[in-house]
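Protein chains in written order, with my numbering: chain A, 4 to 336; chain B, 4 to 336.
It should be emphasised that the hints constitute simulated quantities derived from the structure, not laboratory data. This structure is a prediction, so every number in the text was calculated from the model and none was measured. Incorrect hints may appear among the rest.
Identical chains share a label here; the pair holds if one copy fits it or two copies do between them.
[As the list claims (entries may be wrong)] Here are the simulated EDC-like cross-link-like pairs (lysine to aspartate or glutamate), alpha carbons at most 16 Å apart as the crow flies:
hint, residue 1, residue 2
1, Lys326, Asp198
2, Lys25, Asp286
3, Lys202, Glu12
4, Lys202, Asp119
5, Lys25, Asp115
6, Lys284, Asp119
7, Lys180, Asp198
8, Lys25, Asp119
9, Lys107, Glu23
10, Lys202, Asp115
11, Lys25, Glu123
12, Lys44, Asp286
13, Lys186, Asp320
14, Lys186, Glu261
15, Lys107, Asp208
16, Lys180, Glu268
17, Lys25, Asp109
18, Lys238, Asp198
19, Lys298, Glu261
20, Lys186, Asp109
Number of protein chains: 2
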Amino acid sequence: MTGLGPLRELGELGVIRILERKLGTSPRTAVGFGDDISAVKMGQRRVLVLKTDMLVGSTDVPPGMTMRQAAWKAVVANVSDMAAKGVKPVAGLVALGLPVDLTKGDVNGLADGLRDAAREYGFPLVGGDTNESKDLTISIALFGIAKSNQLVLRSGARVGDVVAVTGAFGSTTAALKALIEEKKRPNRLARPLFDAVYKPRAQLDLGLKLAASGALSSSIDSSDGLAWSLHELCKASRVGMRIGHVPISSAALKFCAEFDYDPTELALYGGEEYHLVVTVKPDRIKSAQRAASGKLLAIGTVTQGLSRVVLRQARRDLTIERKGWEHFKSSTR
Amino acid sequence: MTGLGPLRELGELGVIRILERKLGTSPRTAVGFGDDISAVKMGQRRVLVLKTDMLVGSTDVPPGMTMRQAAWKAVVANVSDMAAKGVKPVAGLVALGLPVDLTKGDVNGLADGLRDAAREYGFPLVGGDTNESKDLTISIALFGIAKSNQLVLRSGARVGDVVAVTGAFGSTTAALKALIEEKKRPNRLARPLFDAVYKPRAQLDLGLKLAASGALSSSIDSSDGLAWSLHELCKASRVGMRIGHVPISSAALKFCAEFDYDPTELALYGGEEYHLVVTVKPDRIKSAQRAASGKLLAIGTVTQGLSRVVLRQARRDLTIERKGWEHFKSSTR
């Protein structure tokens with residue numbers, strides 16, 4: 004998208020700050036604004052976990068994405084946040100805003116994508132609402148139940164914990180750059196690159212197992228980019244991080260070599276990649292690895308120094324900036 | 004809105020039919036598509052009640068409505084559906100799609116409206132999501148808990164039950180016609196008329212008391228118009244209705260006299276009025292009236308004859324048609 008408006012000046016964070024301030028909190032609120040999910044107390048030991056994330060056509064649907072893929076992605080974005088907290092979705096709702104030029108085939112595709120994703124992650128979509136809108140809108144709300152003391156929040160990281168991720172980064176951003184900046188189409192580049200964009204996956208199984216292991220001290224999903232996610236954990240936990248290694252996908256490396264991008268930059272400052280970014284208690288690394296069947300990559304350690312996030316590379320400390328995929332202000336959209 | 008598109012051919016009901024068919028149902032579903040709310044089983048006797056309704060700027064925000072009023076309306080539309088089922092909202096989420104030309108003042112107004120409505124109806128909005136969109140979008144999701152056997156569904160009306168409503172109709176439609184078709188502005192017409200549009204109210208207190216009385220056999224809110232609501236109850240309950248009297252607000256009567264509209268037509272085939280339309284067991288009329296502190300108006304009786312809804316007027320039976328405020332196909336927008 005091009006053009007500026009007052010909303011871009013304010014930014015997504017500005018909007019969220021206003022909402023947080025005005026809406027406040029309540030005695031029933033267990034987790035409010037500022038984490039991947041919200042939660043409300045239900046009796047002594049349980050919380051109702053709530054999540055909503057809206058997909059908007061003009062900003063979240065890249066060129067070439069079908070309606071079925073867009074609907075799938077809308078669900079995945081919500082599931083990924085539940086995964087990061089270790090909560091299994093029990094049921095979901097879908098509110099739709101549909102442009103008048105959509106065909107019956109489009110609506111069928113959209114419903115197929117919703118069904119595919121709900122099946123994949125094992126919960127029913129039990130109701131919804133349909134509207135006409137100028138911009139395709141798929142707003143999902145998910146619900147789950149958790150024991151209050153089992154939710155893995157952003158705020159639990161402690162100095163000395165290990166920072167770890169569930170996958171290699173960069174494919175989504177590389178694919179988006181290929182599509183939007185290099186004007187490439189999927190047949191021109193390797194399939195895995197575009198699968199990251201057109202058929203993203205949430206790490207629900209991994210998230211549930213990691214949370215159940217009790218080894219995590221904090222967790223977030225990487226949908227706003229790796230750098231942003233690291234900073235969010237640091238801000239909520241009032242710590243810093245020293246990252247020794249940024250795992251980059253082979254598809255992203257190949258793209259960067261061909262089109263001359265810096266792969267580390269691309270992997271750090273991307274977005275819409277649904278890995279989990281976690282911190283693990285230092286004495287629980289092995290049980291975390293067992294829970295993740297080896298799919299957990301240690302990338303650094305939690306340090307002192309509020310929100311100081313550095314990448315140690317070639318004997319030098321480079322600052323990892325708090326930037327990424329913020330809506331409204333993003334230059335890549 | 005003007006212009007046609009394939010989506011208008013399909014209509015809102017067509018979209019819902021596709022979603023229902025594709026998404027199916029699950030063993031956990033207590034109430035799926037086709038009622039005011041959805042519900043999921045939680046243990047033996049309780050259900051988690053879920054509701055989502057999306058407000059879209061281009062179709063749901065009439066001329067002259069402020070951001071604060073739009074946000075209030077978005078919440079009220081959701082609360083009204085919970086009210087119709089007799090369920091108190093426990094908490095809510097809000098997903099926003101915001102046009103880039105919104106100012107900080109607009110966002111503050113929007114947050115004020117959300118806060119006002121959440122306070123009015125006594126629940127916290129505990130989280131949300133913000134996005135950029137071409138069309139203002141306020142998607143609310145609400146959650147409540149109910150005993151499975153206390154939910155007042157659309158499907159419980161029986162022959163001989165009394166049909167009743169919680170208010171007089173027509174103000175909202177009259178005000179919308181005044182604004183859109185007659186190009187009048189609020190200062191030209193009586194305040195109550197425009198309050199119906201700019202500051203609608205959900206009948207939550209009344210809905211909770213009526214449901215608790217145990218006197219209702221079915222219930223729906225009138226947000227799609229009185230005629231539509233009556234037909235929905237009839238379809239779900241497999242009955243007909245004979246209506247003896249359509250209560251019309253004095254503000255609507257005055258508007259109809261001045262601008263030459265048929266008041267009964269206007270009251271029947273309107274929409275966005277948040278009264279409750281219920282059926283009462285014939286031996287429980289008094290306890291229903293007591294519960295409603297006299298605010299329940301009997302308007303007819305439940306009859307045999309699937310979906311035959313008639314208005315008995317001047318010794319003649321007039322058919323009340325199944326039409327109203329359907330999105331996509333509505334000619335008044």
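Cross-check of the supplied hints:
1. Lys326 - Asp198: Classified as neither; 25 Å inside a copy, 45 Å across copies.
2. Lys25 - Asp286: neither (41 Å within a copy, 47 Å between copies)
3. Lys202 - Glu12: neither (32 Å within a copy, 30 Å between copies)
4. Lys202 - Asp119: within (11 Å within a copy, 40 Å between copies)
5. Lys25 - Asp115: between (38 Å within a copy, 7 Å between copies)
6. Lys284 - Asp119: neither (36 Å within a copy, 43 Å between copies)
7. Lys180 - Asp198: For Lys180 and Asp198, the Cα distance is within 16 Å only inside one copy (14 Å; across copies 50 Å).
8. Lys25 - Asp119: Between copies, since 10 Å is at most 16 Å while 37 Å is not.
9. Lys107 - Glu23: For Lys107 and Glu23, the Cα distance is within 16 Å only across copies (14 Å; inside one copy 39 Å).
10. Lys202 - Asp115: within (13 Å within a copy, 38 Å between copies)
11. Lys25 - Glu123: Answer is between; shortest inter-copy Cα gap is 14 Å, intra-copy 37 Å.
12. Lys44 - Asp286: For Lys44 and Asp286, the Cα distance exceeds 16 Å both inside one copy (31 Å) and across copies (40 Å).
13. Lys186 - Asp320: neither (35 Å within a copy, 65 Å between copies)
14. Lys186 - Glu261: So Lys186 and Glu261 pass the 16 Å test inside one copy only (14 Å; across, 60 Å).
15. Lys107 - Asp208: neither (34 Å within a copy, 40 Å between copies)
16. Lys180 - Glu268: Answer is within: at 13 Å inside a copy they meet the 16 Å cutoff, but 56 Å across does not.
17. Lys25 - Asp109: between (38 Å within a copy, 13 Å between copies)
18. Lys238 - Asp198: neither (32 Å within a copy, 44 Å between copies)
19. Lys298 - Glu261: Close neither inside one copy (28 Å) nor across copies (73 Å); limit 16 Å.
20. Lys186 - Asp109: neither (25 Å within a copy, 36 Å between copies)
The structure shown violates the earlier hints numbered 1, 2, 3, 6, 12, 13, 15, 18, 19, 20.
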